[in-house]
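Student: Using the sequences and the hints, build the whole thing.
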Amino acid sequence: MSARSSLRTRLRRLIPLSVVAAAVMLAGCSGPGALRSGYLDYSNAQAQVGNQQTLLNLARIRNGHPPYFLQMGAITATYSFTRGGTGSASHTLGTMPGALPEMFTRMLGLSGSSTEAPMFNFAPLSGPGFSAVIMKPIDPRTFSGLATQGFSATALVRMLADEVTLTTAGGQKTVLRNLFDADDAENYGDFLRLVEALQTLQYARAVVTGTDTAGTTLRITADDRGGAVLQRLVTREGAKAQFRTLGNQPLASGFTLDVKLRTFAGALYAMAYDGAAADALPAALRESLPEGQRDAVLRIESAPDLTEPEAARIDYAGRKYVISDKAGSMRYRTTFQGLQFVFAQTELNPGQLPQASVIQMR
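Counting with our numbering, you get residues 400 to 761 for the letters of the sequence shown.
In short, the hints are calculated from the structure, not lab data.
DSSO-like, lysine-lysine: derived pairs with alpha carbons at most 30 angstroms apart:
| no. | residue 1 | residue 2 |
| --- | --- | --- |
| 1 | K535 | K659 |
| 2 | K659 | K639 |
| 3 | K572 | K535 |
Tutor: What follows is the structure, given as structure tokens:
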């Protein structure tokens, strides 16, 4: 067989092989590829709109407007794929004067298409059932579960606690409220000093959370390491760790805290104003606090110094709102995460959503 004849034979064989290879490539881009990309795309989109809804409700409250909730129901997406390939080859001998002695013609045709038909269900969350859920005090087990897993005590207590009854080892009781009152500013100052003590105990894994005998009130104590940990806090902070309502004494081991928790609606309203409330504290009170408790735990207004990756951003009522942090910090985003975890307790199973009010998008 001549070299030219061998070349023609190889070229003819390449045509069907190329068609088969192209068809295999198209097949690999269909089902499994669509599953991978579709799963990630829909997961990211649902997370993004969930974050935006929470931020939007915070912005609504901040502007004096009522919050509004939608819950995502079932998501269905149908994919269809077509693919095909064609190939041909021709071999012409030249017979005319001046014509090429031989001419090869090879053609390869590929075709493919895909379609996606998604359907989304949304349900407005309203009515007596939903209202009862968001107006019910947060379950102490939710707080305990997050605290046990290392979720910031500062974020949890300042976001979820309404008031705390502190009982010292000597039996002295005082009620500390999570709200600044200009007529009793030191009460709120002592609340924030207590938060700093709990954060310090949590870092040392010395916090013990539970409930009262009825199981309805969150109870917090410290284990055997608590005394040494609290003493280190006093050494670090000095007078800033002294409780004014306890006669300028620091928190000591043997204490018990009974925590009255907010409702989800209460936590949402409190966090909408947390940044403004922190900025309004008298300078003297702020300077008397430990460094870790001088700032808000959540700020929603956009600002140039919030440079960390954003969890959400929206425009509302002519203002810009964002969930981000100052460089190197996770403070505001951590609190926002906690708010999302708590909101998850209010959501319904998609199968339980009221069908009469479901909004469908195709």
